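> The primary structure of each chain is shown beneath.
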Amino acid sequence: MAMNTQGRPSKPLHVFDAGAYDDTFSGSRGLDQAEPLIFERGHFDNCGVDLEEPKGLPTRLGGLDREGEIGVPGLSEPETMRHYVRLSRKNYAIDLGLYPLGSCTMKHNPRLNEKLARLPGFGDIHPLQPQSTVQGAFELIGELAHWLMTLTNTPAVAMSPKAGAHGELCGMMAIRAALDARGEKHRRRVLVPESAHGTNPATAVQCGFTVDEIPANEGGRVDMEAFKAKLGDDVAGIMLTNPNTCGLFERDIKEIADLIHEAGGYFYCDGANFNAIVGRVRPGDLGIDAMHINLHKTFSTPHGGGGPGSGPTVFSEALAPYAPVPYVKQDGETWTMVEHEDEARADGADPFGRMTAFHGNMGMFTRALSYMMSHGSDGLKQAAEDAVLNANYILARLKHVMTPAFDGTCMHEALFDDRFLKDTGVSTLDFAKAMIDEGYHPMTMYFPLVVHGAMLIEPTETESIGSLDRFCDTLEGLALAARSGETERFTAAPRHAPAKRLDETKAARNPVLRWTPPQDSAQAAE
Amino acid sequence: MSETRYTKDHEWIRIEGEEGVMGITSYAADQLGDVVFVELPEVGKSFKQGDEMAVVESVKAASEVYAPVSGEIVAVNDALDGEPGKVNEAPDADGWFVKIKIADKGELEGLMDEAAYKAHVE
Numbered sequence: 001m002a003m004n005t006q007g008r009p010s011k012p013l014h015v016f017d018a019g020a021y022d023d024t025f026s027g028s029r030g031l032d033q034a035e036p037l038i039f040e041r042g043h044f045d046n047c048g049v050d051l052e053e054p055k056g057l058p059t060r061l062g063g064l065d066r067e068g069e070i071g072v073p074g075l076s077e078p079e080t081m082r083h084y085v086r087l088s089r090k091n092y093a094i095d096l097g098l099y100p101l102g103s104c105t106m107k108h109n110p111r112l113n114e115k116l117a118r119l120p121g122f123g124d125i126h127p128l129q130p131q132s133t134v135q136g137a138f139e140l141i142g143e144l145a146h147w148l149m150t151l152t153n154t155p156a157v158a159m160s161p162k163a164g165a166h167g168e169l170c171g172m173m174a175i176r177a178a179l180d181a182r183g184e185k186h187r188r189r190v191l192v193p194e195s196a197h198g199t200n201p202a203t204a205v206q207c208g209f210t211v212d213e214i215p216a217n218e219g220g221r222v223d224m225e226a227f228k229a230k231l232g233d234d235v236a237g238i239m240l241t242n243p244n245t246c247g248l249f250e251r252d253i254k255e256i257a258d259l260i261h262e263a264g265g266y267f268y269c270d271g272a273n274f275n276a277i278v279g280r281v282r283p284g285d286l287g288i289d290a291m292h293i294n295l296h297k298t299f300s301t302p303h304g305g306g307g308p309g310s311g312p313t314v315f316s317e318a319l320a321p322y323a324p325v326p327y328v329k330q331d332g333e334t335w336t337m338v339e340h341e342d343e344a345r346a347d348g349a350d351p352f353g354r355m356t357a358f359h360g361n362m363g364m365f366t367r368a369l370s371y372m373m374s375h376g377s378d379g380l381k382q383a384a385e386d387a388v389l390n391a392n393y394i395l396a397r398l399k400h401v402m403t404p405a406f407d408g409t410c411m412h413e414a415l416f417d418d419r420f421l422k423d424t425g426v427s428t429l430d431f432a433k434a435m436i437d438e439g440y441h442p443m444t445m446y447f448p449l450v451v452h453g454a455m456l457i458e459p460t461e462t463e464s465i466g467s468l469d470r471f472c473d474t475l476e477g478l479a480l481a482a483r484s485g486e487t488e489r490f491t492a493a494p495r496h497a498p499a500k501r502l503d504e505t506k507a508a509r510n511p512v513l514r515w516t517p518p519q520d521s522a523q524a525a526e
Numbered sequence: 001m002s003e004t005r006y007t008k009d010h011e012w013i014r015i016e017g018e019e020g021v022m023g024i025t026s027y028a029a030d031q032l033g034d035v036v037f038v039e040l041p042e043v044g045k046s047f048k049q050g051d052e053m054a055v056v057e058s059v060k061a062a063s064e065v066y067a068p069v070s071g072e073i074v075a076v077n078d079a080l081d082g083e084p085g086k087v088n089e090a091p092d093a094d095g096w097f098v099k100i101k102i103a104d105k106g107e108l109e110g111l112m113d114e115a116a117y118k119a120h121v122e
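Residue numbers (this note's numbering), protein chains in the order written: chain W, 1 to 526; chain Z, 1 to 122.
One or more of the hints may lead you astray.
What the hints assert, rightly or not - Taking lysine-lysine and the BS3-like style, the derived pairs with C-alpha atoms no more than 27 Å apart in a straight line are:
#1 K422/W <-> K8/Z
#2 K48/Z <-> K185/W
#3 K86/Z <-> K8/Z
#4 K506/W <-> K86/Z
Please keep in mind that the hints were generated in silico from the structure rather than gathered at the bench. Since the model is a prediction, treat every value here as computed from it, not as a measurement.
With the sequences and hints as input, model every part of the structure.
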């Protein structure tokens with residue numbers, strides 16, 4: 001079999017066509033069409049359109065004519081379109097089924113969002129247009145900023161960060177600017193609990209801080225005694241994820257905020273899981289100084305495969321002056337975008353700088369505001385409650401066959417460990433692969449690290465009870481199969497997917513990062 | 001006679017005169033799963049006991065490896081660069097990480113012997 005036994009086909013097209021599936025003449029099976037790489041589908045010497053070679057024209061390239069092929073595959077428009085549509089059919093998406101990937105919040109993106117994002121006044125504008133011609137877009141950014149500040153009870157928000165980790169960076173740069181302005185450059189230690197998101201320590205280090213880890217207690221939350229012991233006058237702040245990455249609410253958050261402020265530090269809250277508490281809790285009331293909000297998680301803007309994200313960052317009174325440019329402001333009927341630091345200083349602010357070339361991800365702003373306004377504040381609260389209810393439904397339905405990592409209820413994510421797989425010969429990885437055979441995208445596995453063989457399931461409010469029941473029935477069936485010795489169902493999985501079990505170890509040890517045409521590799525072998 | 005001591009963070013160190021050879025325990029290698037990359041420190045660098053000294057990356061996660069004792073790195077296992085799988089195959093032999101010139105042998109007293117380490121991981 002030429003296709004995907006090691007992750008990707010790498011044979012010339014005629015070989016490929018003969019054998020993606022070896023029991024059909026075409027290499028396809030049913031409607032599962034074989035699809036090679038685009039470089040193998042198209043040929044360098046082909047072209048999608050017939051262009052006559054220009055004749056009798058003097059060359060004006062001054063001797064800079066191209067000497068060889070540039071290696072772009074030649075395909076017609078329908079061939080190109082089919083290539084990508086075929087690939088998309090092999091993909092798993094929230095539009096196809098339940099997507100339980102914990103910590104990623106794959107929720108339905110209402111189609112109203114798409115309709116509004118395509119309005120020409122939002123969708124067809126350019127960031128360099130004169131400001132007078134994009135007043136509606138500025139107003140939308142201003143309105144969204146207002147909603148975000150209201151939902152978090154904070155006085156300022158930076159709209160430009162383009163993803164969660166970018167928002168973290170924005171928050172930590174503001175904290176650093178505030179410390180520098182206080183003349184306290186010795187404060188460089190940032191406390192990060194084990195239950196925080198993995199990007200938190202990376203962000204702190206990127207900003208020039210050192211990371212001091214706080215262990216989790218047996219309940220999966222911050223160990224308060226350990227936290228108190230680490231406070232000192234070199235502490236810049238704490239980065240806390242709430243609800244944390246174990247899917248639990250950090251109940252001591254208020255005390256943590258008070259203690260870090262007493263110690264002279266700032267409180268960065270990772271708001272990636274805001275979707276579990278929006279409408280019920282205003283983080284500003286809990287004493288946070290900065291928090292990013294993932295529009296692509298909490299407010300339903302579509303994401304996956306690394307984009308597009310949007311991570312606006314809200315600030316407390318203490319950090320608000322250091323928020324980056326640009327930002328929009330309203331003078332009477334007119335909106336302006338404050339783009340330069342000196343303009344902001346004239347406003348009395350002291351921005352730490354700028355994070356992006358332009359103002360942020362406009363398409364995500366439109367979708368997020370569409371989601372907020374169509375739900376209303378009561379609808380947002382209900383979405384958060386339903387997300388938590390759905391996760392607890394899964395926890396309650398599966399706790400007799402799987403092993404919950406912690407006692408009690410959860411927030412928006414149900415977390416299991418691998419104790420129920422002990423001595424079955426089935427690992428968390430095998431269990432996840434068997435879910436693919438059942439038609440489900442696997443949950444997040446082996447994360448958070450504090451839980452052995454972790455399986456983190458986030459159903460979101462998108463799913464109906466019928467959908468949750470089908471999912472739980474499947475997991476229940478798998479758990480019982482693992483315990484009754486059907487090991488091969490797991491260790492050989494996925495058996496029904498187009499690509500079987502991939503050799504992840506080999507891929508990680510010997511990554512092939514660049515495709516080379518077959519003739520080149522043949523030459524290299526000579 | 002060589003003696004091996006263990007840390008609670010699953011590093012081992014085998015004492016050879018003034019130097020010690022260290023790596024991660026087979027328990028740690030098992031828990032990590034297939035190791036795909038090991039980042040080792042440069043020869044000549046000094047660490048304090050408990051400092052982050054190396055990084056081991058497996059198919060599951062990237063983990064820090066801490067210096068079991070204070071001292072200077074006198075040799076590193078370059079073979080791990082091309083064959084990180086040695087850490088899984090023979091964590092206490094070919095899969096060694098670095099050789100350290102031990103600064104203070106007193107620090108070894110605080111580490112576990114084999115029996116104590118076995119009890120620790122059970």
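> So which of the earlier hints does this model not fit?
Per hint list: zero violations.
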